Amino acid sequence: MTRYRVAVDTGGTFTDVMLLEPATGAIQTVKVPSNPAHPDRAVVEGILALGVDPAAIAFLGHGTTVAINTLVQRKGVKTGLITTRGFRDVLEIQRTNRPDMYNLFFRKPVPLAPRNLRAEIDERILADGTVATPLDIDALHAAVAALLAQGIQALAICFLNSYVNPAHEEQAAAYVRAHFPDLAVTASVEVAKEWREYERSSTAVLNAYLTPSVSDYLSRLDGAMGEQGYSGRVLITRSDGGLTLSRSAARHPAIMLMSGPAGGVLGAAEYGRVCGYPNLITFDIGGTTCDVSLIRNGQPLLVRDRLVEGYPVLAPFIDIYSIGAGGGTLGWVDGAAMLRVGPQSAGADPGPACYGRGGDQPTITDAYVVLGLVDPTRFLGGKMPLQPDLAHAAVARLAAQVGMDVPACAAGMITILDHAMTAALRVVSVERGHDPRDFALMAFGGAGALHLGALARELGIPRGLVPRYPSLFSAWGILAADLRHAYTQTVNRPTSELTAAQIAAWIDEMIAQGTTQLHADGVTPGEMVFAVSLDMRYQGQEHNVNVPATLPFNEDALVALEQSFHAAHERAYTYALPNDPIMVTNVRVDAIGRQPTPAPQLWRAGGDAAHALRHRRPVLLSLRTGYVETPVYDRERLAAGVTLEGPCIVEEPTSTTVVQSGQCLTVDDYGNLVLAVM
Amino acid sequence: MSHTHESPVTVVAQPDKITVEVIRNYLITIAEEMKKVIERTAMSPIIYEVLDFSTGVFTREAKLMGQAAGLTMFLGTLDLAVEAALKKFGVDGLYPGDLIITNDPYVGGGTHLNDVVCVSPIFYQGRLVAFGAVRAHWLDLGGKAPFSQMSDATEIFQEGLLFPIIKLYDRGVLNEALYEVILANVRIPSAVGGDLQSQIAACRIAERRIVELLEKYGLETFEAAVTRIMDNSEVQVRQAIAAIPDGVYVGEDYVDSAGPGGPPVCVRVTVTVTGDEISMDFTGSDPATASSFNQGWGALLSCCRAMLKCITTPQDPTNDGSFRALHVTAPKGTCLNVDKPSPVCMYGELGCHVMDAIWKALMPALPDRLPAGHYGTVAAQGLAGWDTAFDPPRFFMFGGPNAGGWGAGQNWDGENALICLGDGDTRNTPMEVIEAKYPIRIRRYELVPDSGGAGEFRGGLGLVVEYEMVRGEGLSAVFVCGRCVFPAFGSAGGHDGLPSSIYITRGGTRGPCTCQAAGLPLQVGDIITVTAGGGGGYGDPRRRDRARVRADLALGYITPAAARALYGLEESPE
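If you read the sequences in order, they're chains W and B.
Position 213 of the first sequence, counting from 1, maps to 213 under this note's numbering, and the rest follow consecutively.
Position in the second sequence (first residue = 1) + 1000 = this note's numbering.
Warning: the hint list may mix true and false statements.
[Said to hold, decoys possible] Below, simulated DSBU-like cross-link-like pairs (lysine-lysine); rule was C-alpha separation at most 35 Å, straight line: (1) B/LYS1340 - B/LYS1063; (2) B/LYS1216 - B/LYS1036; (3) W/LYS75 - W/LYS383; (4) B/LYS1340 - B/LYS1088; (5) B/LYS1437 - W/LYS108; (6) B/LYS1087 - W/LYS193; (7) B/LYS1144 - B/LYS1332; (8) W/LYS193 - W/LYS383; (9) B/LYS1036 - B/LYS1088; (10) B/LYS1087 - B/LYS1437; (11) W/LYS108 - B/LYS1036; (12) B/LYS1036 - W/LYS193.
[As the list claims (entries may be wrong)] Residues of chain W placed beyond 10 Å of chain B at every Cβ, according to the derived structure: (13) ARG74; (14) GLU92; (15) ASN103; (16) LEU160; (17) ARG247; (18) LEU301; (19) GLN387; (20) GLY522.
Simulated from the structure, these hints should not be mistaken for laboratory data.
These numbers come from a predicted model, not from an experiment.
Every residue, glycine too, gets a C-beta built ideally from N, C-alpha and C.
The whole structure should be built from the sequences, with the hints applied where relevant.
In structure tokens, the structure reads:
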């Protein structure tokens, strides 16, 4: 019996499903409309649309927006917070900053646990871990009972300095779970054992707030798949690109906030490794956002915290930088009659003018249509014809205000957006000390390949890449993902006060925890891998540089680590301070359970380009040359080894690749479109 | 990159609108990247957490092209420093690899001595084409009190090292004698050395990026685009000014006292709006004070520019064009335009009142843009001494501002615990970080009920923080806290906010303390209670929606007593 591997990625508009038959490497894809009210129904519908027996599925990986949507729509449950006496307002005071500093009406994000649902109890642990005041269990009981009377369904616990000594939090959490079993409880150290009380409280509260909804969703999905005959486990994509069992994810939704975009970047890393592109800058353009990331030596870069909807979350995330730029991004005119683009978007509803759903403001998609880049009759494989006259009218209104002609205005919108995206690509590369010319640029998402040539040229990147299945690439990434768990030990001591043996002991302890967890996940020892790294900085600095460590961790490894840190600091910030003391702030272990990876399949060779020529149509790629009859090719019929000279366009059902004049495009052995940029 | 096709002799047509927009965005990106480098590498919390710094790139004529600021008040004086450097050395006296430093409050657009500016000339094809500059607050520059902060200085020489406009690097070579003098005169040399490195790194980034931009577009296109960008900003600011009703508006505000026990200091401004021009005249303000509550010209100009920004184009990037419609005058000899040797280290507190005077003047004309007053002070404490946990004891300095309440407006309750207008994207120092790094324990960190001015719309709440000194020797405190006498002003019948205050509890006895202490001796066991005040209310509190009054009660933002007395709530809660 065939045992399939299936990945499902829920997006704002579509739920993408990809099926892999490991024996043959064959891949099948399905796109079904997402069901925002019941995302699990679209997941099941998509899987059934594959036409295979769910009982024959061996692996089901899922990228879900349920956590982020619950947060964005503020649909989490009523959540309480228990704190150390004197500190219940930490969640509301936050960091007190005003990022929008000239705005006299600035608002901080509203705390997810309001002041009346935050209770203080007596207990105190000092910065060195000693207990100054014991935990008052009776007060805890009374406080929780009072919060329950106010209707809370979830509870977070965050005590000062628990990152050093978690005893009180652990004791309190155990007590509450035992005596109030209906409450969803999160102790801050269970989600983030790091200092900074606001960030840790925020993570704990957000986790508690999301737990009931996410857990309901996951158990509905588990149940529904079970009814369809699927007997395996549902694995969820975490924000760091790893997979975790749905039952772990249900307790820890804070780790899956960026579930969707992470899949794509992870996929790019795996895919690039196999196809021979270990260094990639990726960009994923959908309707409203452009997600940019960088992969070095086949590894996506991780960050250990980020703001989500204004709330800090201490959890590992693939370092994805997002800007408001996509097919729905709006063009507009400012007070000085200058053309501006974004970051506002027409969203999915009403969407671009050419969707004919009542939108009358010009979007980037309208500009594509005006310029002939997108064939209105073949949008989404012909399932959703666009209305070019509406696109033209919308752009024409803007052009008149700016004082440009229509094609110049449409081309200008795209140029400005290209530069906004170039700036984003620079943030992840140049600003972090990476020369973009050392990387290949990979485009995915529905609109990525339209911009690939222009962005590569702007950044001086010689090679662009469009993988197979660009608009379902996140699903491919899920098929390539591994199981993952992250562990952190905060240290905060200079290297001169640390021995390699001490560090090795922390590493061993975290590896032991990881081993236990992966074993429970059903991973065999041969499939376990542990990635160890240290957060380091010069004494006195506040921000860390994360440096990978080698095992066994002995004195030589410690010396090598210091050298790597100096080098990494110099690369990122132009200088190193080789005589300054170095602090180790955290030791980190990522426990990875390897999963079988779908090897990209060799693409068929033979046949010339003419065979794949679909038609010619007028396309404007440069204002200098205006509209030019441009050949349009069908990607499915382009064989490996074929080379096309720009200008030309390559179409597939849900993506369009633009090859500019002076660029040439080759189909490689795996069927990737490889763009050579002069 | 291989874009070398633009030769400097090419005659270039006016750049198209798209190129202008691209260059505009790129300039902002450069300043932001400089900011990121500083934030990530600096050694002093006042830089990496408080973000007491700003970065910018300038034309070869020292006009601001693009800027990123961490502080509101740092908006507009970097250009004066660049201009001063250009004037002193001349185009022919500047070379690649030069780095000029200055903190001169009287001629270099300086603010107070702690704020040291680094300026680097940028060359392309052998020509001076631009400048990069960074201003950052150094934790300490020597002087008579830790932090180089004291409200009671009588001349600038007590406040620390003054750098005239001098080269720290000449053609890439460090002036080591100067560097050693600096390190020998500051209390924590390692932090100063590290901070300086990070400023230099940001200047180097500016240089790299400007050259990349020029390689791509050529100098003529670039400069034509920059001119256009500035002109466009000017147009937008003028449109916003034109929307303010023409008129002459007078505002007056008071500093609690010029140094501990000193008299209040009056800041008076006459704002005149005529069409699309705005002038701010500080004639009538008090003369230079016998304390460090004074400002040099650059500091005053920066405060005025920041306030203009708030009421015109708060979300737009800033450049030279943003300020062309603004005219500022302050007679020499007033506390807002002093000469050497008047001390200036409290320029920031004075600046809060400069901005508030402009705010008060225009509040009646712009009721939808200017809410009631906020707590309006940095409310900072500096705690220093020798930490005896180390052998030998190690000198520590912990300092930082506190957040308070903001003002209410039409249909708008003020925000709670938000940093003051003079500060900006300024973060507090986490309590766990304070406890881990310094011999200090935090006893509480809370919002203060009833601190927001009552009103139909309520002022935001201030906060209280209690520090206990748990060990150490030679402990002392600096307090820089205003509005302890004159609280945040209400608007349209709304009440004032709660004033700020500082108390010290010693041996179980709690007593009020001057809010302007400089080098106040402390003992182990002392508890310092800093309360940053609340924001002003808007409108008559008796007209406040009853549901909102009850919600405030439930949240504990107001007490039952205040609900009855100020809001006239009849029913008793629960």
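To see whether the hints hold, each was checked on the structure:
Distance hint between B/LYS1340 and B/LYS1063 is fulfilled; the C-alpha atoms sit about 26 Å from each other, no more than 35 Å. In summary, the hint linking B/LYS1216 to B/LYS1036 is supported, as the alpha carbons are separated by about 24 Å, within the 35 Å threshold. Among the hinted pairs, W/LYS75 with W/LYS383 is consistent with the structure: their alpha-carbon atoms are about 33 Å apart, no more than 35 Å. In summary, the hint linking B/LYS1340 to B/LYS1088 is supported, as the alpha carbons are separated by about 19 Å, within the 35 Å threshold.
With a C-alpha separation of about 28 Å, the suggested pairing of B/LYS1437 with W/LYS108 holds against the 35 Å cut-off. Restraint check for B/LYS1087 and W/LYS193: not satisfied, since their Cα atoms lie roughly 54 Å apart, outside the 35 Å limit. Our distance criterion of 35 Å between C-alpha atoms is met by B/LYS1144 and B/LYS1332, whose separation comes to about 27 Å. Proposed proximity of W/LYS193 and W/LYS383 is contradicted: the alpha carbons are some 49 Å apart, above 35 Å.
Taken as a hint, the B/LYS1036 and B/LYS1088 pair is honoured in the structure, with Cα atoms around 30 Å apart against an allowance of 35 Å. A C-alpha spacing of about 44 Å is found between B/LYS1087 and B/LYS1437, which places the hinted pair above 35 Å, so the restraint is violated. With a C-alpha separation of about 22 Å, the suggested pair W/LYS108 and B/LYS1036 falls inside the 35 Å cut-off, and the hint holds. This hinted pair checks out: B/LYS1036 and W/LYS193 have alpha carbons roughly 26 Å apart, not beyond 35 Å.
Remark: the non-interface label on W/ARG74 is consistent with the geometry, its nearest Cβ contact in chain B lying 17 Å away (cut-off 10 Å). Listed as a non-interface residue, W/GLU92 fails to keep its Cβ farther than 10 Å from every Cβ of chain B; the least gap is roughly 6 Å. Consistency note on W/ASN103: stated as away from chain B, yet its beta-carbon is not over 10 Å from all of that chain's, at 5 Å minimum. For W/LEU160, the shortest C-beta to C-beta distance to chain B comes to about 6 Å, within the 10 Å cut-off, and the non-interface label is violated.
With a cut of 10 Å on Cβ distances, W/ARG247 stays outside the contact zone with chain B, its closest approach being about 32 Å. For W/LEU301, the condition that its CB be more than 10 Å from all CB atoms of chain B holds, with the nearest at approximately 15 Å. At roughly 27 Å, the least C-beta separation between W/GLN387 and chain B is larger than 10 Å, which holds for a residue marked as non-interface. The beta carbon of W/GLY522 is kept farther than 10 Å from every beta carbon of chain B, the shortest such distance being approximately 38 Å.
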